[in-house]
Amino acid sequence: MPRAKKSARGKHRWIGLEFNFELTKAEASAILSAFIDENRCEIFDVTKRDMRTLAILKVPLDFYVDSKIMLNELGNVCTLTSSGKIRLVRERLNSIR
53 MPRAKKSARG KHRWIGLEFN FELTKAEASA ILSAFIDENR CEIFDVTKRD MRTLAILKVP
113 LDFYVDSKIM LNELGNVCTL TSSGKIRLVR ERLNSIR
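To convert, note that position 57 of the sequence shown is 109 in our numbering; the numbers rise steadily by one, no gaps.
You may find that some hints are simply not true.
[To be verified] Label pairs and their in silico Cβ distance ranges: (1) Ile148 x Pro54: 16 to 24 Å; (2) Met53 x Ser147: 36 to 44 Å; (3) Asp102 x Ser59: 38 to 46 Å; (4) Met53 x Arg101: 35 to 43 Å.
[Said to hold, decoys possible] Below, computed lysine-lysine pairings styled on PhoX-like, alpha-carbon distance capped at 20 Å: (5) Lys63 x Lys137; (6) Lys110 x Lys77; (7) Lys110 x Lys137; (8) Lys58 x Lys137; (9) Lys110 x Lys120; (10) Lys110 x Lys63; (11) Lys110 x Lys58; (12) Lys110 x Lys100; (13) Lys57 x Lys137; (14) Lys58 x Lys77; (15) Lys100 x Lys77; (16) Lys120 x Lys63.
None of these hints come from the bench; they were simulated from the model.
For each residue, glycine too, the CB sits at the ideal point set by N, CA and C.
Given only the sequences and the hints, what does the whole structure look like? Please build it.
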């Protein structure tokens, strides 16, 4: 079966997050569970580094601006970078490490 055309797959943004403590992907998902379930988000690339955790979150484009505000309001999470390409977010997070 042919793959859906690019425009039919939906637009999204990738957000680089930092948690103030070390945790696993499952623990990060649990912290963001209500946020993820309501907004069709998905966590990628969870990395522990120096008593903190870096992660990448895939967010639908129509919810992107609100998601950054909501994530920064959480006490233990802050957004570091975002892009339409996961490669760019990975590069930026690697330079922060």
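A quick look at each hint next to the structure:
no.	hint	result
1	Ile148 x Pro54: 16 to 24 Å	39 Å, violated
2	Met53 x Ser147: 36 to 44 Å	39 Å, holds
3	Asp102 x Ser59: 38 to 46 Å	41 Å, holds
4	Met53 x Arg101: 35 to 43 Å	40 Å, holds
5	Lys63 x Lys137	11 Å, holds
6	Lys110 x Lys77	14 Å, holds
7	Lys110 x Lys137	10 Å, holds
8	Lys58 x Lys137	14 Å, holds
9	Lys110 x Lys120	12 Å, holds
10	Lys110 x Lys63	10 Å, holds
11	Lys110 x Lys58	16 Å, holds
12	Lys110 x Lys100	19 Å, holds
13	Lys57 x Lys137	17 Å, holds
14	Lys58 x Lys77	28 Å, violated
15	Lys100 x Lys77	10 Å, holds
16	Lys120 x Lys63	16 Å, holds
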